[in-house]
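Enquirer: Chains as they are written, first to last, in UniProt numbering: chain A, 1 to 173; chain Y, 1 to 329.
It is possible that some hints are incorrect.
What the hints assert, rightly or not - Simulated crosslink set (SDA-like; lysine to any residue; CA at most 20 Å straight-line):
#1 39/Y with 1/A
#2 39/Y with 29/A
#3 39/Y with 3/Y
#4 39/Y with 40/A
#5 39/A with 137/A
#6 39/Y with 43/A
#7 39/Y with 41/A
#8 39/A with 74/A
#9 39/A with 99/A
#10 39/Y with 42/A
#11 39/Y with 95/A
#12 39/Y with 3/A
Think of the hints as simulated: they come from the structure by calculation, not from any bench.
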Amino acid sequence: MDVEVSLRVDGTAHRVTVDIRTTLLDALRERLGNTSPKKGCDHGQCGACTILLDGRRVNSCLALAVAHDGAEIVTAAGLAADGELHPMQRCFIQYDAFQCGYCTPGQIVSAVAMLREAEAGWPSAVTADGVAAGDGGRTGLDADEIRERMSGNLCRCAAYANIVPAIQELARR
Amino acid sequence: MRPFRYARADDVRGAVALLAEAPAGAYLAGGTNLVDLMKLDVATPELLVDVRRLTSDRVEELPDGGILIGAATPNSDLAAHPLLRGRYPVLSQALLSGASGQLRNLATAGGNLLQRTRCVYFQNVTTPCNKRTPGTGCSAIDGHHRELAVLGTSPECIATHPSDFAVALAALDATVHTEGPGGGRRIPMTELHRLPDGEPDRDTVLAHGELITAIEVPPLAFATRSHYRKVRDRASYAFALVSVAAAIDVADGTVRDVRIALGGVAHKPWRASHAEELLRGGPALEDRFRAAAEAELAEARPLPGNAFKVPLARNTLTRTLLDLVDGPA
Ligand SMILES: Cc1cc2nc3c(=O)[nH]c(=O)nc-3n(C[C@H](O)[C@H](O)[C@H](O)COP(=O)(O)OP(=O)(O)OC[C@H]3O[C@@H](n4cnc5c(N)ncnc54)[C@H](O)[C@@H]3O)c2cc1C
Ligand code: SF4
Ligand code: FES
Ligand code: FES
Numbered sequence: 001m002d003v004e005v006s007l008r009v010d011g012t013a014h015r016v017t018v019d020i021r022t023t024l025l026d027a028l029r030e031r032l033g034n035t036s037p038k039k040g041c042d043h044g045q046c047g048a049c050t051i052l053l054d055g056r057r058v059n060s061c062l063a064l065a066v067a068h069d070g071a072e073i074v075t076a077a078g079l080a081a082d083g084e085l086h087p088m089q090r091c092f093i094q095y096d097a098f099q100c101g102y103c104t105p106g107q108i109v110s111a112v113a114m115l116r117e118a119e120a121g122w123p124s125a126v127t128a129d130g131v132a133a134g135d136g137g138r139t140g141l142d143a144d145e146i147r148e149r150m151s152g153n154l155c156r157c158a159a160y161a162n163i164v165p166a167i168q169e170l171a172r173r
Numbered sequence: 001m002r003p004f005r006y007a008r009a010d011d012v013r014g015a016v017a018l019l020a021e022a023p024a025g026a027y028l029a030g031g032t033n034l035v036d037l038m039k040l041d042v043a044t045p046e047l048l049v050d051v052r053r054l055t056s057d058r059v060e061e062l063p064d065g066g067i068l069i070g071a072a073t074p075n076s077d078l079a080a081h082p083l084l085r086g087r088y089p090v091l092s093q094a095l096l097s098g099a100s101g102q103l104r105n106l107a108t109a110g111g112n113l114l115q116r117t118r119c120v121y122f123q124n125v126t127t128p129c130n131k132r133t134p135g136t137g138c139s140a141i142d143g144h145h146r147e148l149a150v151l152g153t154s155p156e157c158i159a160t161h162p163s164d165f166a167v168a169l170a171a172l173d174a175t176v177h178t179e180g181p182g183g184g185r186r187i188p189m190t191e192l193h194r195l196p197d198g199e200p201d202r203d204t205v206l207a208h209g210e211l212i213t214a215i216e217v218p219p220l221a222f223a224t225r226s227h228y229r230k231v232r233d234r235a236s237y238a239f240a241l242v243s244v245a246a247a248i249d250v251a252d253g254t255v256r257d258v259r260i261a262l263g264g265v266a267h268k269p270w271r272a273s274h275a276e277e278l279l280r281g282g283p284a285l286e287d288r289f290r291a292a293a294e295a296e297l298a299e300a301r302p303l304p305g306n307a308f309k310v311p312l313a314r315n316t317l318t319r320t321l322l323d324l325v326d327g328p329a
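This is chain A alone, in the form it adopts within the complex:
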């Protein structure tokens, strides 16, 4: 069975007809030609498919397109406005924070949203005095905080040693 859904992707409105079983990840990659979110596991376990859905980072492989009709989506490709790389993208280049690059778009989208979450005062499982605090904003994020908050993004090449400093660089600014 087919359904029609409206999605705004990286600033452009689309109406697209998809099989009802289609996830947002497959709608983006297979129907709209936006291959920046990657399919790693297809089961919510790796984060390669991370997108911003109505402003929040989510795994697009577990979200059915039909359930998110009308959504506003930003992918890693859309973070680079007018051909200018996003500061997070520049930090990843500066710190050589990737090897094969397959996890990278998901890492970058996730990191951008993660800093916003920290700015909004969201605590994490490693936040110092449990959860009572957590309002340190983004500048206070140490490596442990970044690792915990980014644990939903796996890197098969294990580029973590450079991913963490790349994110920390932008967090400090």
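Take the given structure of chain A and dock chain Y with the ligands to it, following the hints.
Expert: Below, chain Y with the ligands alone, put in the same frame as chain A:
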């Protein structure tokens, strides 16, 4: 994935009516568990009734000092909510220890409680599993069961319930508000999930089409001193091998009151009522904590692959209480 129909309702009654007419239908919330199981052909609903925008998606303060959590509240908003962080840190900590930042943004409070077991055979349609296909047998008892239950097991199924949040709610005497074809009811969190006996395919006491609308947490002054400790194979983004949710009220070295629940050990969040009874009124000392933990675990029936969980649960429970008594670790 099998094809399905998709529907939304204008209100709770409408959603309940839609599912009442579809015996093979299911509610869809964040989809982080259901869509996964549909991809694996473990879940094959013919109708999805989307409830993600149906019930409340926020936390309300109740006049008695408790809180009411709308079933559609994302796990991330819940974990960050000042009322949870201030009054019931154990709830925030349990949520933050679960899944990942991305998943917590999609996952809802109601869906979290009703996620299915992570038993590998349940998720693999080529292997026998009494929970997935009643009567086919349990592959885990003589197979891989390192993650599975040691308390309240049955020869039919030894699955564990995977939710961290549910364990913390069970410790706090929360109740679940539901609306079903026969009207509304309130179910104590400790009675929502059942043991596998007789019907291993049924995780909970909910009837088909019964919708969770909210979760109520009663006031508990000493829950400001509460903690969730989760032990797992990696530091983050993994399910619990064993977890402990606890709150304790100590005055002059005596345990005035205490709440304890264990996760990762049973088919349901395991309220440690026996340990609580032994501790109440006694001295807040390490050997008492350990003895209470041992008494609670006396009825454990582990298998070769998960026998380690018994001492692990004892030690984790003892350490959690000690940390609460000695101040922030
Ligand atoms: C890789 C991975 C790691 C994870 N790690 C953890 C972890 O460490 N700890 C943990 O606790 N969880 C973990 N989870 C599970 C996650 O927390 C759950 O998938 C999530 O909470 C389910 O919520 P949802 O809204 O997405 O539910 P859905 O997937 O939409 O629904 C789940 C079930 O609940 C039913 N349902 C949903 N809402 C209602 C309602 N209001 N009333 C009645 N029925 C309803 C659905 O029909 C379905 O059967 C993990 C998941 C993944 C994919
Ligand atoms: S433990 Fe339960 S879920 Fe796992 S195989 Fe046995 S019956 Fe199935
Ligand atoms: S592809 Fe979505 S989490 Fe791995
Ligand atoms: S750079 Fe290869 S998977 Fe991360």
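Enquirer: Indicate, hint by hint, whether the structure satisfies it.
Expert: Hint check:
For the given pair, residue 39/Y sits about 17 Å from residue 1/A by alpha-carbon distance, which is consistent with the 20 Å threshold. Between residue 39/Y and residue 29/A, the direct Cα distance comes to roughly 18 Å. Compliance with the 20 Å bound is thereby established for this hinted pair. Under the criterion of a C-alpha separation no larger than 20 Å, the hint pairing residue 39/Y with residue 3/Y is consistent with the structure, at around 11 Å. A distance of roughly 15 Å separates the Cα atoms of residue 39/Y and residue 40/A; the hinted pair therefore holds under the 20 Å criterion.
At roughly 31 Å between alpha-carbon atoms, residue 39/A and residue 137/A are farther apart than 20 Å, so this suggested pair is violated. Taking the CA atoms of residue 39/Y and residue 43/A, the gap is about 8 Å. The hint holds against a cut of 20 Å. The straight-line distance between the Cα atoms of residue 39/Y and residue 41/A is roughly 12 Å, inside the 20 Å bound, and the hint therefore holds. A C-alpha spacing of about 16 Å is found between residue 39/A and residue 74/A, which places the hinted pair at or below 20 Å, so the restraint holds.
Proximity of residue 39/A to residue 99/A is assessed by CA-CA distance (about 17 Å); at most 20 Å being required, the pair is judged to hold. A distance of roughly 9 Å separates the Cα atoms of residue 39/Y and residue 42/A; the hinted pair therefore holds under the 20 Å criterion. With a CA separation close to 37 Å, the supplied pair residue 39/Y and residue 95/A exceeds the 20 Å bound. Restraint check for residue 39/Y and residue 3/A: satisfied, since their Cα atoms lie roughly 19 Å apart, inside the 20 Å limit.
In summary, the structure is inconsistent with hints 5, 11 from the numbered list given earlier, while agreeing with the others.
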